[in-house]
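Line by line, the protein sequences are chains A and B.
Oh and the first sequence: position 63 is 63 in the working numbering, straight run, nothing missing.
Oh and the second sequence: position 197 is 197 in the working numbering, straight run, nothing missing.
Treat the hints with care, as some may be off.
Unchecked claim - Facing chain B, according to a computed beta carbon distance under 8 angstroms, are these residues of chain A, among others:
{"no.": "1", "residue": "17"}
{"no.": "2", "residue": "19"}
{"no.": "3", "residue": "21"}
{"no.": "4", "residue": "24"}
{"no.": "5", "residue": "28"}
{"no.": "6", "residue": "54"}
{"no.": "7", "residue": "58"}
{"no.": "8", "residue": "59"}
{"no.": "9", "residue": "82"}
{"no.": "10", "residue": "86"}
{"no.": "11", "residue": "94"}
Unchecked claim - Distance ranges between label pairs, derived from CB positions:
{"no.": "12", "chain 1": "A", "residue 1": "96", "chain 2": "B", "residue 2": "171", "range": "25 to 31 angstroms"}
{"no.": "13", "chain 1": "A", "residue 1": "28", "chain 2": "B", "residue 2": "154", "range": "42 to 48 angstroms"}
{"no.": "14", "chain 1": "B", "residue 1": "173", "chain 2": "A", "residue 2": "11", "range": "17 to 23 angstroms"}
{"no.": "15", "chain 1": "A", "residue 1": "11", "chain 2": "B", "residue 2": "123", "range": "27 to 33 angstroms"}
{"no.": "16", "chain 1": "A", "residue 1": "37", "chain 2": "B", "residue 2": "15", "range": "43 to 49 angstroms"}
{"no.": "17", "chain 1": "B", "residue 1": "24", "chain 2": "A", "residue 2": "66", "range": "31 to 37 angstroms"}
{"no.": "18", "chain 1": "A", "residue 1": "80", "chain 2": "B", "residue 2": "166", "range": "33 to 39 angstroms"}
{"no.": "19", "chain 1": "A", "residue 1": "85", "chain 2": "B", "residue 2": "168", "range": "18 to 24 angstroms"}
{"no.": "20", "chain 1": "B", "residue 1": "59", "chain 2": "A", "residue 2": "40", "range": "21 to 27 angstroms"}
{"no.": "21", "chain 1": "A", "residue 1": "28", "chain 2": "B", "residue 2": "60", "range": "17 to 23 angstroms"}
Rather than coming from a laboratory, the hints here were simulated on the basis of the structure.
Where a beta carbon is used, it is the ideal one built from N, C-alpha and C, also for glycine.
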Amino acid sequence: MTAIAPRRGPTMHLYVVVWIGLILIVGLEVFLTYERLPAATLLACLLGLALIEAALGVMYFMHLKYERPALFWSLIPYLLFALVLMDHFWPDALRLMRQRMPGP
Amino acid sequence: MRAQAGAGGLTEGSPYGIPSRKLGMWLFITADAATFGAILFAYGYLRLANPNWTHPFAFSPTIVNGIVMTVVLLTSSLTMVAAVATAQSGRTSAGVRWLGVTMLLGTVFAALHLREWFAMIAAGWRLFQNPMGGSPLFGATFFGITGLHLLHVVCGVIVIGVITLGFRRGRFDAGHVETTALYWHFVDLVWMFVFPLVYLMNVR
């Protein structure tokens, strides 16, 4: 069997700091929601903050920052690429909205 | 790549430096992330294509409940990393305790979620029924997305329970706890997208 030595991870102190940061970001999301921003601006802000939360979680709680870089480069760019490809559906949603028949 | 002699002949070292089960979990997580991504994109598509989309959520009780659920789930991730840290340092009983706390928090999250579901169902919400008169697709997307996430949470609580029992009896090691933790953190991360997109984008 191949022996795989455990790699050094973050300390509990760092985990708690990340946890506090994540909770503060959730608070910021709720605050922005009630600032009555335009829908597109709010969506961009919320998505950006959710991506920061995901990055913090993946890098620290899931230890990806402390694994070999090959794992990151084998997983994350391809997942992001697959998600970006889904963006191609938006123009069709807008087409549907324009084609909607007016109500009676 | 370095080849090493093993009991059954030559085996190659992992190119990622992690055990196979952990790599398998990462592959599952990326596939599941793409699934949730597709569902959230479909939700966005339906929302954009329906100008009469409903915004039913008031700050109290729905958003307050959502904030409490989010804090509970984030805290369960913290207790899970504590479980992994204690398990890796060989403190089995402390690891079992932290796993128990994580299960408890996961159960609280599921209970809060179900309470909210039952309140919405009592108010007339169904998969294809909107009591507020807007697009009936709201119920389908809301119950579909949150239901799939809730299913992941319930499965996670059950798996953590199985791993906890095995870890306490010595059948599972710290590596199993760490692999389970990866799944649990992923469930937490999915909620970081569900809460803003499904709840906060639909406040009154």
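Hints, verified against the model:
no.	hint	result
1	17	11 angstroms, violated
2	19	5 angstroms, holds
3	21	10 angstroms, violated
4	24	11 angstroms, violated
5	28	10 angstroms, violated
6	54	5 angstroms, holds
7	58	7 angstroms, holds
8	59	11 angstroms, violated
9	82	5 angstroms, holds
10	86	4 angstroms, holds
11	94	7 angstroms, holds
12	96(A) / 171(B): 25 to 31 angstroms	54 angstroms, violated
13	28(A) / 154(B): 42 to 48 angstroms	29 angstroms, violated
14	173(B) / 11(A): 17 to 23 angstroms	22 angstroms, holds
15	11(A) / 123(B): 27 to 33 angstroms	46 angstroms, violated
16	37(A) / 15(B): 43 to 49 angstroms	45 angstroms, holds
17	24(B) / 66(A): 31 to 37 angstroms	19 angstroms, violated
18	80(A) / 166(B): 33 to 39 angstroms	35 angstroms, holds
19	85(A) / 168(B): 18 to 24 angstroms	44 angstroms, violated
20	59(B) / 40(A): 21 to 27 angstroms	22 angstroms, holds
21	28(A) / 60(B): 17 to 23 angstroms	19 angstroms, holds
Taken one by one, the earlier hints fail for this structure at numbers 1, 3, 4, 5, 8, 12, 13, 15, 17 and 19, listed in ascending order.
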